[in-house]
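Could you put the whole structure together from the sequences, leaning on the hints where they help?
Protein chains in written order, with the numbering used here: chain A, 598 to 886; chain B, 236 to 550.
Note that these hints are calculated values from the structure, not bench results.
From the three backbone atoms N, C-alpha and C, an ideal C-beta is built for every residue, glycine too.
Don't take every hint at face value.
Chain B is faced by these chain A residues, among others (derived, beta-carbon under 8 Å) [stated by the list, open to error]: (1) Thr691; (2) Phe713; (3) Leu721; (4) Lys738; (5) Phe872.
A few chain A positions that, by computed beta-carbon distances, are all more than 10 Å from chain B [as the list claims (entries may be wrong)]: (6) Arg614; (7) Ala618; (8) His665; (9) Leu670; (10) Ala673; (11) Val695; (12) Ala704; (13) Pro714; (14) Arg716; (15) Asn717; (16) Thr726; (17) Thr750; (18) Thr807; (19) Trp818; (20) Phe821; (21) Ala841.
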Amino acid sequence: MAAVTVDQVTQRAGPRRAIVAKQVALYVGLTIFGLIMLGPFILAIFGAFKTDVDVTAYPPTLFPKTWHPENFLNVAKLFPMFPRWFVNSVGLSTAVTVLNVFFCALAGYAFARLRFPARNVLFLAVLATLMIPLQVTLIPKFLIMKQLGLINTYPGVILPNISTAAGIFLMTQFMKAIPHELEEAAVIDGASKWTVFTRVILPLSAPALTSLAIFSFQGQWNDFLWPLVILNDPSLFTLPLGIAGFGGEYIQHTNWVLVGSIFTTLPMVFLVFFFQRYIIKSVATTGGK
Amino acid sequence: MAVGTSPVVETNTGLPTPVQAEAHRRRRPYREWLASYAFLIPAFIVIGGFTFVAMVAAVFISLFKYDGFTLEWAGLNNYAKALVNADFHKALLNVVYYMVVVVTCQTILALSMALVLDRIMVGRGVFRTIYYLPAITSSVVMGLIFSWLFSPGGWVGGLLGIVIPGAREFGFLLHPETALPAIMTTTIWSTAASFMIVFVAGLQDIPAHIYEAAKIDGAVGWRSLWNITIPLLRPTIFLVVVLGTIGTLQVFDQVYVMTNGGPLKSTLTPVFLIYTSGFRDFSFGLGSAEAFILFAIIFTFTLIQRRFIDTTVEY
Chain A
598 MAAVTVDQVT
608 QRAGPRRAIV
618 AKQVALYVGL
628 TIFGLIMLGP
638 FILAIFGAFK
648 TDVDVTAYPP
658 TLFPKTWHPE
668 NFLNVAKLFP
678 MFPRWFVNSV
688 GLSTAVTVLN
698 VFFCALAGYA
708 FARLRFPARN
718 VLFLAVLATL
728 MIPLQVTLIP
738 KFLIMKQLGL
748 INTYPGVILP
758 NISTAAGIFL
768 MTQFMKAIPH
778 ELEEAAVIDG
788 ASKWTVFTRV
798 ILPLSAPALT
808 SLAIFSFQGQ
818 WNDFLWPLVI
828 LNDPSLFTLP
838 LGIAGFGGEY
848 IQHTNWVLVG
858 SIFTTLPMVF
868 LVFFFQRYII
878 KSVATTGGK
Chain B
236 MAVGTSPVVE
246 TNTGLPTPVQ
256 AEAHRRRRPY
266 REWLASYAFL
276 IPAFIVIGGF
286 TFVAMVAAVF
296 ISLFKYDGFT
306 LEWAGLNNYA
316 KALVNADFHK
326 ALLNVVYYMV
336 VVVTCQTILA
346 LSMALVLDRI
356 MVGRGVFRTI
366 YYLPAITSSV
376 VMGLIFSWLF
386 SPGGWVGGLL
396 GIVIPGAREF
406 GFLLHPETAL
416 PAIMTTTIWS
426 TAASFMIVFV
436 AGLQDIPAHI
446 YEAAKIDGAV
456 GWRSLWNITI
466 PLLRPTIFLV
476 VVLGTIGTLQ
486 VFDQVYVMTN
496 GGPLKSTLTP
506 VFLIYTSGFR
516 DFSFGLGSAE
526 AFILFAIIFT
536 FTLIQRRFID
546 TTVEY
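Structure follows, in structure tokens:
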């Protein structure tokens, strides 16, 4: 190291300073983006602690004049249905997640590793449905549900969402990549397809199952149009449906609207914090759909 | 198929060998077929019933005047009615304007955020999570929060009021010229976040040796970005633009929550119109016809983009 000349040192210091300057500029940019992306949340959180006068007062202030944490409890008092909506959202999202992941895994296993007539045609048919936009099937789906007597019921909300083309595609792609040797040992022991599926394939597909579970839960939690169409009994509402209602009728109580928004968003925030690496990975394979 | 048809080699080892197991399987393929179809049944009932049957039913319904009780043959009248309807024209114009602005802004913003994230040395995970939060927020929540921010005397007016004096008491959602741009802003905030993740994933796929090779050739900084990164990201950009187009042409939730199509129909969109035709006026036939016209438009835009964005990349 003693052999390092002055010339070499200055040569190195130059690029290093440039790198530092570049990184500083990048972090300034990062912070600006960060403020834009987090800003509405921060304003909403502080707004939720304000009185209904303070929250719409001009000029708007970041911090409440007086803090009202009781807003968070009062929402349930003023909207007795609010806890019910929360429970509905949790229940429906959980049901959709479990069923969708299970059915997509079953179908994915068949498409990826079993041989049967018309396999490719059926797989292409599933993929083709990805192109059909939601609103084309909205009216007939509603009429089918009406025929089945499922309007205003929980099954009516979840039924169309418990097998998705995107989910089947994700599972098929993942299961295709599992080495066949791992399955052969079980096959030689005389295991049935069902045993192979539950004992070998499912455990090995954990990453894909997790990704699909996250997206299913998030999709159902935030879904609005379909529940709006199929539900009109407030006791069956999900959170987005419920709070969309208090935007209209109770627009003067923006602080409660914000409290409702926070309760609706918080579970999703936890989901992202705990599972973010799965989210990135699965977006890479499915393109975010 | 030569292996499958070759005679089975008989051995006396009691336990089936792989060859035997394979032959056994081949001799009774219908068992595998049955298992396969059994595994597919739930998915096929759901996707078959609520997509295929529904799609056929939608074609059928669109040819009738149907209010849920009386069914009356209408031929192509519903399509004609939709196509000459001034509200439908307005909705289409609005949504195309919305699509152009939102897709352009969200793609640029998403790409910028991903590029910045790709180049920092510490805190990548934290910033990525922060940037991703708007993407997982319910559209209803977004709509409600931004309605408040855009209200007269709200934060947006307050901040703009520093520069433009009249903006303070301005209700952005109450004026036809600003209502749709306000909804655009709301959407961009959220979708830029979700597409950022797609770009982050796309950037990770670019092999490091390409950058190294480019560096040796003197391509650094902006030149590296413009000549290497962007061209190699072309498939991702295409994906983001196409998904963005499909998504924006179907905008509904924000409109329902923020403006209900107003003021003066300035935020009316096709899906909002389909919803009102179907579930407020109970004109299921007209609603279905409108849905197919929108489907045709989405399909056309996707094909056009396919022609204009070359997605082939050679490393």
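Evaluation of the provided hints:
1. Thr691: Hint on A/Thr691: violated, closest Cβ of chain B at ~17 Å, above 8 Å.
2. Phe713: holds, 4 Å
3. Leu721: violated, 13 Å
4. Lys738: holds, 5 Å
5. Phe872: violated, 11 Å
6. Arg614: holds, 15 Å
7. Ala618: holds, 12 Å
8. His665: holds, 17 Å
9. Leu670: holds, 20 Å
10. Ala673: A/Ala673 is indeed farther than 10 Å from all Cβ atoms of chain B, at 18 Å.
11. Val695: Non-interface label stands for A/Val695: nearest chain B Cβ at 12 Å, farther than 10 Å.
12. Ala704: violated, 4 Å
13. Pro714: violated, 7 Å
14. Arg716: violated, 7 Å
15. Asn717: holds, 13 Å
16. Thr726: Given a closest Cβ separation of 5 Å, the condition is violated.
17. Thr750: Label holds. Min Cβ-Cβ 15 Å, cutoff 10 Å.
18. Thr807: With a cut-off of 10 Å, A/Thr807 remains clear of chain B, as the shortest Cβ separation is near 16 Å.
19. Trp818: violated, 7 Å
20. Phe821: violated, 5 Å
21. Ala841: At about 5 Å from chain B, A/Ala841 fails to clear the 10 Å cut-off, so the statement is violated.
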